[in-house]
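Could you slot chain Z onto chain H? The hints should help.
Which chain is which? The protein sequence lines are H and Z, in order. Per my numbering: the first sequence = residues 124 to 642. Per my numbering: the second sequence = residues 18 to 465.
Bear in mind the hints are in silico, worked out from the structure with no lab data behind them.
Mimicking EDC-like on lysine to aspartate or glutamate, the simulated pairs with C-alpha atoms at most 16 Å apart in a straight line are:
no. : chain 1 : residue 1 : chain 2 : residue 2
1   : H       : Lys554    : Z       : Glu235
2   : H       : Lys307    : H       : Asp459
3   : H       : Lys360    : H       : Glu342
4   : H       : Lys357    : Z       : Asp423
5   : Z       : Lys154    : H       : Glu528
6   : H       : Lys456    : H       : Asp310
7   : Z       : Lys243    : Z       : Asp286
8   : H       : Lys360    : Z       : Asp423
9   : H       : Lys255    : H       : Asp503
10  : H       : Lys302    : H       : Glu192
11  : H       : Lys553    : Z       : Glu244
12  : H       : Lys360    : H       : Asp385
13  : H       : Lys198    : H       : Glu298
14  : Z       : Lys321    : Z       : Asp70
15  : H       : Lys554    : H       : Asp509
16  : H       : Lys380    : H       : Asp329
17  : H       : Lys183    : H       : Asp151
18  : H       : Lys396    : H       : Asp385
19  : Z       : Lys317    : Z       : Asp70
20  : H       : Lys259    : H       : Glu298
21  : Z       : Lys154    : H       : Glu342
22  : H       : Lys596    : H       : Glu575
23  : Z       : Lys154    : H       : Glu432
24  : Z       : Lys463    : Z       : Glu441
25  : Z       : Lys243    : H       : Asp624
26  : H       : Lys404    : H       : Asp309
27  : H       : Lys554    : Z       : Glu244
Selected chain H positions facing chain Z (Cβ under 8 Å, derived; list incomplete):
no. : residue
28  : Lys334
29  : Gln481
30  : Lys525
31  : Ile534
32  : Asn535
33  : Thr536
34  : Ser537
35  : Val541
36  : Thr551
37  : Pro609
38  : Phe613
39  : Ser616
40  : Asp638
We treat Cβ as the ideally placed atom computed from N, Cα and C, and that holds for glycine.
Now for the letters of each chain:
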Amino acid sequence: MPSAISQPPAGQSAKSRTANMSPIKPQDFGYEQARHLLWRAGFGGTPQQIQTLASWGPTKAVDYLLSPEQVEFDKVKADLFDRDIMAPPTAEQRQMYREAQKAGDEDALAKVRLMRQERERLDRRQIAEVQKWWLKRMVESPRPLEEKMTLFWHGHFATSYRTIENSYHMFLQNELFRKHAVGKFDDLLHGIIRDPAMLAYLDNNDSRKGKPNENLAREIMELFALGIGAYGEKDIKEGARALTGYTFQDDAFQFQKNNHDDGPKTILGKSGKWDGDDFVKIILAQPACAMFIARKMYGFFAEELPPTERMSDRELPPAAGQAVRTMAGTLSKGWDLRETLRQLFLSEHFYSTRLMGQQIKSPTVLIVGAVRSLNAPARDLSILNDAMDLMGQNILFPPSVKGWEGGRSWINTSTMFVRQNILTYLLTGKKPVGYDATADMMKYDPMPLLDELKKADAAAAQDPGRVIDYLLKLCLGHNASYARQPLIEFVNSRGGSLTPDLVTGLLLLITAMPDYQLC
Amino acid sequence: MNREPAAFTRREFVSGLTLASAALCAPAFLQRSALAMHESMHGLSSAPGIPEDRILVVVQLSGGNDGLNTVVPFGSPQYFKVRQNIAVQQREALALSGSDGIGLHPQMTGIREMYDNGMASVVQGVGYPNPNRSHFKSMDIWHTADTSATGDGWLGRYFDSECCGQGKGESGKAEQNAAQDSGQGSGQGGGMAAIAIGRTSPLAMQGRMVKPISFENEQLFRWSGKEIHNALSDPYERINRAGAAETVDTDSNAAYLMRTALDAQLSSDMIRKAVAVRPSVTYPGNDLGRQLMMVAAMIKAGLKTRVYYVTQGGFDTHAGQGGAQGRHGQLLGQFSSAVKAFYDDLKSQNNDGRVLTMSFSEFGRRVGQNASQGTDHGTAGPMFLFGPMLRPGVHGEHPSLTDLDDGDLKFRVDFREVYAGILEQWLKADAKKILEGSYRALDVLKKA
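Isolated chain H (complex conformation) (with noise of 0.2 Å):
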């Protein structure tokens, strides 16, 4: 028996059950279509947002999602963190060293130790600035597709600071993500190659002519651009001699020619004297390399899909492998994302029943979502981030290069309560841990959410009903009728008046439900 929450929402045709990657028309583009989009090319929408991308229509919306660079933003300084905090040390530091050590100067070499530890301290806490001041970007951004973007690619090339501890370089890092949002794949699969914080976290910088790391070459081939069944063993021994001396002094790429073999290869059936570039255009060339990435990009935006290994590209779901294929295809013309993204986004599959309110929100999405749709304060940036690591997404400190499994990963007994209290903090400031006395006083206000609903019908902000039902269909996308009545009753138990306090009621009850997860 179909439920509320599995039935298509009122006024949605039976046929979207089986929509397509034809556009979407027009007069099908409303309310929940505009909220889906704004939740899934960026992190949801206040009230007022959803209403204007509605009354733009598919074509307007998803263009001014899909152009950041033609929104006025703050541009990020290269200077906005100290590079210098874990450069190596000096060819006369080094010196003093070794003079040090063969004198048994216990004192001098404590000395550079403990500089040593310091500056280790030190980095630690510029690696929490750049999670904070990633996190604000992405809260306050007017380019949501930019950040979610950067996010994505984040996941996708993943790249630990535990590992690499070098926060400069995790920073450049994701400039780098930020720079390509957009833009063409192969430049960014080039441009990762080269990349400081990824040869060090897959130990490139150590890789040379006679003792290839295969680190790198393995991980581009199984989990950055072919997948698992594309390649074999051999060809992950070529590709890693042909990224050898691909490697970065302080903050750039350096290409050290003495420690790179220069020898004929052969990989994914090609021979020449190939170089770590030449490896990238030859993976990029793969049939199997478009399809990758644009099943990558289906799972993050539309639907989850099982990996590679454990559902192949034929076994999908009709519709998602028809997907897949179209926006494949796109890729593998130019590598061009933005069009990419812009066939997903204005087809009509993109707003079937199947894929809106599907998605389980990623901690990111989740808090950035909420303080942005409910335009509530984004208060303490540290409890967020503390909060995103206990819900598993410690941004810049992903589990594993192979990113974060999302979908229902992320959810257990734990996390879920981490998700509802993360919502009380920002809602009322309230801390998880801790007494009251250290709660965060300032005030949210929830009365501006109810301003488009006064501006249709100044009676509705006014009756209980209406205000719960437009609060449920803004926070979940749905009427969610199980829900309704308890809520009605809540208010009617404080007097039925709907006071700022008794709106924040409602949303701390709204956003503790289960379906608050799903966007």
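Leaving out everything else, chain Z in the frame of chain H:
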């Protein structure tokens, strides 16, 4: 479910001991009364010499623990030849009585003491055919007990098979379960059969019916909205239940979320109460110690939990891993001191005989060190078992350091033989069905 005469013990298993498992099959709203009804416990089985209410604790060492520097083969000259900078010297290693040419890493004094007291055993050279060197893949293989690394977790299948007579998940079509038949919402329920300490719940414990409870920190294991105003408490619980009772597509994300939310609500109070009790022994200040301290507190509180799962990370020692001193040694020292404190605590509770602990890592490391004074991903490695009920000593022979498979150790014991031993002898379960294959069960327990 088994309908042979032996079914009686099985039934007791279901209705008595792991009543949380029983609750999994019951309608969600009956769980509370089910919990209340089963205050008096029946035993797991009447097998002589085996204590009732048995518990399994799994310690996962993540990242690929270097087995050769854990159980050190100092009797092999080859070991020193290929590990010039990181070898543990014979004089440093903690020799294991009753064995030749091997010893524990010098930081593992706690485990050596347990070994000497018959509380620890070592299974040497554990692995599986055609080893996979990817962390994720190999970890999934250990978790699913399946070399294709697909399907539900092995412990999840154990719970499923005990509870509802169902076999492996994802690979087969889900039958209608009891909860759905009875028209109620949750097939998962507020069961506390499986508890994992950690941010993510391990695949090993994911069954079709059973999802583990998992939490990093008990302080976060409750809804804080109730403390904003107590008027929020009642609607919160009502909506949670109404949502779970709503007959939704049980495979949907929405249904999954509803079940999880209800589980969270039901188990929160019990767990927080349990771990608030301070232990009578001092635990080391490391994270594994903290986790095992919580497990001991939950055992003491009498939670009806059959399997606990804890994790220690950081074993991916590609560079600068050290020998007797250094990073890898530190990790082993933390592991050893935490397990030792755990059993001291259990003994003071008089619960040590109920708890068998097993440690594993997704793979061992290469035999030779690499250019960065570390070791790369390898194959077989040792497993540890802890508890007073064990057949003590060293199982099997140390894998050869010269007869190698492309520079890697050849495994001697398939990890599923260890699983089979634990399932059959300790948990009295049908190992063949759960592991979906016949494995020679390792003799893990002392002869009665």
